[in-house]
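*Asks:* Given the sequences, and given the hints that come with them, work out the whole structure.
In the order they appear, the protein sequences are chains C and X.
Residue numbering for the first sequence follows the working numbering, beginning at 1 and increasing consecutively.
Residue numbering for the second sequence follows the working numbering, beginning at 1 and increasing consecutively.
Simulated from the structure, these hints should not be mistaken for lab results.
We put the beta carbon where it would ideally sit given N, CA and C, even for glycine.
A few of these clues could be false.
[What the hints assert, rightly or not] Partner residues are not named here, just some residues of chain C that face chain X (Cβ under 10 angstroms, in silico):
#1 F11
#2 S56
#3 P76
#4 F118
#5 S215
#6 P216
#7 D236
#8 Q302
#9 D317
#10 D339
2 protein chains.
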Amino acid sequence: MPATIPPPRGFPVAEFESRMVAAQRLMQARSIDTLLLTTEPEFRYFSGFHSDFWLSPTRPWYLLVPAQDQPIAIIPEIGAASMSATWVDDVRTWPAPVPHDDGLSLLCTALREVAVRFGTVGVPMGPETHVRMPLGDFQRLRDRLTGTKFVDATPIVRALRMVKSEAEIDKLRYVCGCVSDAFEAFPNLANAGVPESELFRLFRSELLRCGVDHSPYLVGAAGAGGYADIIKQPSDAEVVKGDVLVFDTGSVFDGYFSDFDRNFCFGEAASEARRAYDVVYRATDAGLAAVRPGATTSELWQAMAGVLDAGGSLGEDVGRFGHGLGMQLTEWPSNMPGDDTVLQAGMVITLEPGMVFGAGKLMVHEEDLVVREDGYELLTRRAAPEMVVID
Amino acid sequence: MPATIPPPRGFPVAEFESRMVAAQRLMQARSIDTLLLTTEPEFRYFSGFHSDFWLSPTRPWYLLVPAQDQPIAIIPEIGAASMSATWVDDVRTWPAPVPHDDGLSLLCTALREVAVRFGTVGVPMGPETHVRMPLGDFQRLRDRLTGTKFVDATPIVRALRMVKSEAEIDKLRYVCGCVSDAFEAFPNLANAGVPESELFRLFRSELLRCGVDHSPYLVGAAGAGGYADIIKQPSDAEVVKGDVLVFDTGSVFDGYFSDFDRNFCFGEAASEARRAYDVVYRATDAGLAAVRPGATTSELWQAMAGVLDAGGSLGEDVGRFGHGLGMQLTEWPSNMPGDDTVLQAGMVITLEPGMVFGAGKLMVHEEDLVVREDGYELLTRRAAPEMVVID
Numbered sequence: 001m002p003a004t005i006p007p008p009r010g011f012p013v014a015e016f017e018s019r020m021v022a023a024q025r026l027m028q029a030r031s032i033d034t035l036l037l038t039t040e041p042e043f044r045y046f047s048g049f050h051s052d053f054w055l056s057p058t059r060p061w062y063l064l065v066p067a068q069d070q071p072i073a074i075i076p077e078i079g080a081a082s083m084s085a086t087w088v089d090d091v092r093t094w095p096a097p098v099p100h101d102d103g104l105s106l107l108c109t110a111l112r113e114v115a116v117r118f119g120t121v122g123v124p125m126g127p128e129t130h131v132r133m134p135l136g137d138f139q140r141l142r143d144r145l146t147g148t149k150f151v152d153a154t155p156i157v158r159a160l161r162m163v164k165s166e167a168e169i170d171k172l173r174y175v176c177g178c179v180s181d182a183f184e185a186f187p188n189l190a191n192a193g194v195p196e197s198e199l200f201r202l203f204r205s206e207l208l209r210c211g212v213d214h215s216p217y218l219v220g221a222a223g224a225g226g227y228a229d230i231i232k233q234p235s236d237a238e239v240v241k242g243d244v245l246v247f248d249t250g251s252v253f254d255g256y257f258s259d260f261d262r263n264f265c266f267g268e269a270a271s272e273a274r275r276a277y278d279v280v281y282r283a284t285d286a287g288l289a290a291v292r293p294g295a296t297t298s299e300l301w302q303a304m305a306g307v308l309d310a311g312g313s314l315g316e317d318v319g320r321f322g323h324g325l326g327m328q329l330t331e332w333p334s335n336m337p338g339d340d341t342v343l344q345a346g347m348v349i350t351l352e353p354g355m356v357f358g359a360g361k362l363m364v365h366e367e368d369l370v371v372r373e374d375g376y377e378l379l380t381r382r383a384a385p386e387m388v389v390i391d
Numbered sequence: 001m002p003a004t005i006p007p008p009r010g011f012p013v014a015e016f017e018s019r020m021v022a023a024q025r026l027m028q029a030r031s032i033d034t035l036l037l038t039t040e041p042e043f044r045y046f047s048g049f050h051s052d053f054w055l056s057p058t059r060p061w062y063l064l065v066p067a068q069d070q071p072i073a074i075i076p077e078i079g080a081a082s083m084s085a086t087w088v089d090d091v092r093t094w095p096a097p098v099p100h101d102d103g104l105s106l107l108c109t110a111l112r113e114v115a116v117r118f119g120t121v122g123v124p125m126g127p128e129t130h131v132r133m134p135l136g137d138f139q140r141l142r143d144r145l146t147g148t149k150f151v152d153a154t155p156i157v158r159a160l161r162m163v164k165s166e167a168e169i170d171k172l173r174y175v176c177g178c179v180s181d182a183f184e185a186f187p188n189l190a191n192a193g194v195p196e197s198e199l200f201r202l203f204r205s206e207l208l209r210c211g212v213d214h215s216p217y218l219v220g221a222a223g224a225g226g227y228a229d230i231i232k233q234p235s236d237a238e239v240v241k242g243d244v245l246v247f248d249t250g251s252v253f254d255g256y257f258s259d260f261d262r263n264f265c266f267g268e269a270a271s272e273a274r275r276a277y278d279v280v281y282r283a284t285d286a287g288l289a290a291v292r293p294g295a296t297t298s299e300l301w302q303a304m305a306g307v308l309d310a311g312g313s314l315g316e317d318v319g320r321f322g323h324g325l326g327m328q329l330t331e332w333p334s335n336m337p338g339d340d341t342v343l344q345a346g347m348v349i350t351l352e353p354g355m356v357f358g359a360g361k362l363m364v365h366e367e368d369l370v371v372r373e374d375g376y377e378l379l380t381r382r383a384a385p386e387m388v389v390i391d
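*Replies:* See the structure below:
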């Protein structure tokens with residue numbers, strides 16, 4: 001059973017109202033009449049609409065966030081019931097799927113209503129975004145709305161979503177606590193001689209038992225003395241003594257993600273792997289020591305890189321040492337040179353130093369934290385300082 | 001434990017080669033030099049690359065499928081290890097994330113190599129597709145490749161992916177069998193007086209125990225005498241006697257989805273709900289009777305609609321009575337008027353008749369099948385002819 005009481009699901013209306021006000025201020029400063037949002041997290045962030053149904057690629061969903069008015073949801077009829085439980089009043093539906101006009105006419109009409117003052121529609125089109133509607137429909141939309149400008153709204157959604165409210169942090173703290181419980185229980189459940197795929201299933205069950213809603217992300221690999229791939233799906237090969245296993249999970253509670261990993265060794269770990277574990281562990285400590293409002297993500301990277309280099313790292317292939325976390329497994333910013341995002345209280349990030357050692361083996365650590373006025377609050381329970389041995 | 005032996009993971013190289021040959025024939029007929037694919041299922045279909053890592057929105061992944069050559073994967077460095085286990089030889093990486101040039105230069109270079117003969121790149125841009133890369137990068141790509149035409153490749157990927165190989169069908173049969181086991185076990189595990197969210201966790205655990213890799217999709221709702229929403233996330237409210245509960249799950253094995261539901265009643269079901277159950281059950285029978293190569297999806301819809309109308313259906317809000325199934329929870333085609341897809345042996349589809357009854361209650365059934373030369377093979381174990389009562 002979960003060790004702590006889960007926070008309430010959803011958010012009070014005031015949370016959405018304050019998100020709207022903040023977005024509208026940024027839109028007005030950029031002369032944008034409305035945001036046009038098409039992806040699940042952005043739709044959910046402003047509307048509160050939450051459903052696994054986004055996994056079906058069949059139907060587009062549209063949310064307009066006007067600079068001077070309430071949001072307008074243009075959605076498939078199948079979503080009307082769930083949508084009626086949100087704070088959004090202006091909901092327009094069509095009997096999707098209708099391939100020859102899947103909400104496009106409704107969307108055009110609504111954009112003509114709200115994109116009046118500047119004739120400018122903000123669409124996230126920068127790094128880490130995509131437009132979740134058929135590209136053909138997007139081109140038709142632009143053709144129909146002659147005179148309307150479509151500009152990049154990534155900076156707006158990025159700035160808002162990077163800083164979490166206390167209600168969001170409560171969900172993140174809870175899910176990270178559940179996953180910490182499951183990681184601590186795992187050594188008592190696992191054995192050598194079991195197929196990798198079976199260990200994945202066993203760990204996913206334990207995560208559920210510990211209180212997560214589910215674990216959409218679980219990757220990992222076992223290998224003699226270390227692993228060479230940290231985004232791997234399970235094989236059906238048996239884990240054997242001497243293997244080092246990493247599990248990295250994005251588990252969710254009420255739509256908010258954990259994202260951290262743990263390393264285990266079946267039987268005694270090779271000394272090379274234990275040394276690498278110690279290096280990434282100390283790199284995480286160095287990263288933690290650097291976290292405070294005003295520090296930059298590049299400085300976090302630097303703090304971790306210093307320990308990794310001194311510890312004999314042969315490189316890394318992740319491209320960064322951690323990232324933002326929240327409604328998605330990974331969010332802006334990136335802890336890497338040149339990112340230079342200035343940390344603010346309320347940002348939730350992961351620290352994820354990794355290194356190559358020996359003959360192409362990897363060792364990656366990860367912890368999740370929220371930036372606080374006086375430094376940080378760890379959301380995960382810190383990994384053990386020495387690799388956990390499963391006998 | 002799973003009742004049957006799981007099929008092997010992955011596919012032999014011959015499977016990918018035959019997909020390539022089929023795609024190249026369709027491309028040549030349309031004067032397309034190469035496909036440019038950006039989404040997980042399309043990338044996996046041609047390359048065999050399989051990872052949960054797509055859940056992270058940070059990095060774009062590109063696969064080129066040239067009309068006259070082998071595929072080219074342009075991917076973040078973090079994917080190189082997993083990619084090396086696939087049949088794709090031409091793999092080009094960059095140390096993503098690199099926001100100012102996230103693979104775009106590599107992609108331009110590769111497109112200049114392969115889009116030579118007709119100067120035409122096929123990108124899926126029709127119904128049920130989207131382009132998974134920043135829209136700004138797509139626009140920059142078009143600007144750099146002046147003279148290159150970007151045309152819709154939806155008909156190509158649709159035609160190929162709709163008809164499954166026996167190796168694909170083996171995975172689908174296995175996962176549908178596991179989910180059938182879990183649905184049959186569920187009544188012995190559930191009780192009234194338990195929060196909805198707890199029933200979701202319990203059912204997800206049972207699905208794992210029955211052999212699925214995981215269950216990215218699980219929606220459902222309980223309500224007195226019926227439910228009003230079939231894409232709902234769980235609440236923390238307790239299920240009580242008299243509630244009708246629907247679970248609809250997309251569970252996966254080796255990247256292939258089940259998609260079907262089951263209806264349960266806690267204690268005795270209201271007669272209205274039992275009648276509606278009988279109607280959708282018989283509608284499914286009518287749909288099954290209509291399945292054969294040469295029949296159209298519109299005819300399937302008609303067969304089911306006839307029973308629903310005669311049974312007093314007050315409408316439906318799903319927009320169709322079933323759809324394609326495979327690497328995604330829902331795929332082309334749709335069982336609905338005007339779709340008119342001609343069924344072929346090897347197509348895997350769901351039949352999903354639904355109806356509104358009483359005061360806005362819904363009743364939805366779903367079964368999964370593969371079209372066979374002599375009719376169909378059911379992949380799910382048929383639901384009970386009367387609603388299962390949980391005492």
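*Asks:* With reference to the structure, classify each hint as holding or not holding.
*Replies:* Going down the list of hints, with the structure as the test:
1. Among the interface hints, the one on C/F11 is violated; its C-beta lies about 14 angstroms from the nearest C-beta in chain X, farther than the 10 angstroms criterion.
2. Interface hint at C/S56: satisfied, since its Cβ lies 4 angstroms from the closest Cβ of chain X, which is below the 10 angstroms cut-off.
3. For C/P76, the shortest C-beta to C-beta distance to chain X is roughly 7 angstroms, which falls under 10 angstroms, so the interface hint holds.
4. Against a cut-off of 10 angstroms between C-beta atoms, the interface hint on C/F118 is violated, since the closest Cβ of chain X lies about 20 angstroms away.
5. A cut of 10 angstroms between beta carbons decides the hint on C/S215: the least distance to chain X is about 7 angstroms, and the hint holds.
6. Of the supplied interface hints, the one on C/P216 holds, with its beta-carbon coming within about 5 angstroms of a beta-carbon of chain X, less than 10 angstroms.
7. At its closest, the beta carbon of C/D236 sits 6 angstroms from a beta carbon of chain X; the interface hint therefore holds under the 10 angstroms criterion.
8. With its C-beta approaching chain X no nearer than about 17 angstroms, C/Q302 sits outside the 10 angstroms limit, and its interface hint is violated.
9. Contact between C/D317 and chain X, as hinted, is supported at the beta carbon level, the nearest pair being about 4 angstroms apart and thus within 10 angstroms.
10. A distance limit of 10 angstroms between C-beta atoms decides the matter here; for C/D339 the minimum to chain X is near 8 angstroms, and the interface restraint holds.
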